[in-house]
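Colleague: Order-wise, the sequence lines are chains A and B.
All residue numbers for the first sequence refer to this note's numbering, where the first residue is 218 and numbers rise by one.
All residue numbers for the second sequence refer to this note's numbering, where the first residue is 88 and numbers rise by one.
Treat the hints with care, since some could be wrong.
Unchecked claim - From chain A, some residues computed to sit far from chain B (all C-beta separations above 12 Å): (1) Arg232; (2) Arg244; (3) Ala271; (4) Asp282; (5) His309; (6) Ala331; (7) His357; (8) Gly393; (9) Arg401; (10) Ser402; (11) Leu412; (12) Arg420; (13) Ser434; (14) Ala467; (15) Ser471.
To be verified - Only some residues are given here: those of chain B computed to face chain A with a beta carbon under 8 Å: (16) Asp281; (17) Gly285; (18) Ala315.
Claimed, not checked - In silico SDA-like links for lysine to any residue, alpha-carbon gap of 25 Å or less: (19) B/Lys225 with A/Arg354; (20) A/Lys246 with B/Met88; (21) B/Lys225 with A/Leu390.
Hints listed in this document are in silico derivations from the structure and should not be mistaken for laboratory results.
All residues carry an ideal CB built from backbone N, CA and C; glycine is no exception.
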Amino acid sequence: MIDVNVHLSQWPFRRVPDDDTPSLVQRLKAAGVTQAWAGTFDALLHRNLSAANARLADECARHGDGVLLPFGSVNPMLPDWREDLRRCAEVHRMRGIRLYPNYHGYRLDQSEFATLLDAAVERKLIVQMALKMEDERTQHPLVSVPAVDPAPLAEMVAARPNLRLVVLNGLGLLRGEALTRLARSGQVWFDLAMLEGAAGIERVLPTLPVERLLFGSHAPFFLHEAAVLKLQESELPQPVRDAIVAGNAAKILS
Amino acid sequence: MMPVIWDLHCHLAGIDGRTLDERMAKLAAIADRMGIARLVVSMGVPWSQTPSPEDFRRQNDQVVEALTHWHHRAFGLAYLNPHFPEESLAEIERMIAQGPLVGIKLWVARRCRDADLDPIIRRCGELRALVFQHTWLKTTGNYEGESTPQDFAELAARHPDVPMILGHSGGNWELGLRTVRGLPNVWVETAGFDPTAGMVELAVQELGADRVIYGSDAAGRSFASQLAKVAGAKISAADKELIYGRNLQRLLSPILAAKGIKP
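Just chain A, with the same shape it has in the complex (with noise of 0.2 Å):
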């Protein structure tokens, strides 16, 4: 099982159960995850990104146990974020990136966010974007931020076609022909964590091809077991609940 979703450190508004990275792993481990893509926390509201990812990449090296993959964050609107972007690939060796362009406030259509995704796809990173981290009802009131707007995304990544997107908490957000436009360019993914409703992966499917569905939990901050029982909640072929749990993210891995 490869859950393309979690993170290290600390929810910046409570504690949760397994917000240190043993208990996480160990968490992980006994559900049958065998790799876990992960950011940090500290990546939402730091200002010292090259501190967090720095310390991301330790946290994976120490107590990954092997599972964990760190996905470094870069925002574009910091004075020499290249330099970040170039310690993810260079001296950290990340697989890939993890934006938030709502908490680092920026639009999609901004000329920063393209300039990034194509430094990244020079490097042949792995972009994940979070489309949002928190329903916008229980957010902080001194911190509400609201969710990205997805629209200008299509002509984004159709301008890139060596660009891999991997989007995070988008589903149920994106919907309809915004989602299957995405979906038909081959070059973008989509995790379940925030995919709601009775059976959700089988309502979803006829939308979305089922290869462009990744297992992603958001765990810590939700619960790991949500994104497991949604897979026994859908009748899934074996094939399918394969693509799903680890085929399709070992793909845009290899």
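Given chain A, work out where chain B should sit, using these hints.
Modeller: Leaving out everything else, chain B in the frame of chain A:
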């Protein structure tokens, strides 16, 4: 041994089906996959946030119709609008006192702190009918008639002998739980917000496991994501059993017994 799971919070909306029976059958089939033994259903299709008496009667008739072939698997709640207290009381007589439903569901028509709700709650108390009130405290702002946990606490404090359930635990559960923890006639429900970790642990710590009830808010919500809150909680197996089903069974047992319904 598998725990017995009763789901307090299900709807007929958000699930495919040409008829109410098809919707109910589909809902039950998905619930089967998750090991859910009983569903409590409320509200019809389409629903309305501020239903007229005619509309809530129509929706309750739909619930009764949906349950026709499912009395062994499901119970129903009567949807009311407290802006119409007399008509709501009449609906309690029609659907609960004289009919098959086992409690009331109050949604977002009117904030529940208002005194006009008192006769409704009193009558439910007499019938031992379940009182289930939706609550949210949204950072983005509530609907005009949407009850907060504070509204609910005022109502519950006026009726200390009537058990009541805080729907969604207030959504912003850290606030909702602390609002009602001192009210022993209040149970909290786990449904209808994202599967954020730690909610059930906090509820057990602050209220005790015997005052926490599992619900999903399916079919709009996933049974899976909502069950996970209990399944993944760091609490004892005995506490999980209470939350999954035993607490709701206990709350419903007087009215089920009065109606001659086997749990």
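Colleague: So, against the hints stated earlier in the document, which numbers end up violated here?
Modeller: Hint check: 1, 2, 7, 11, 12, 13 fail, others pass.
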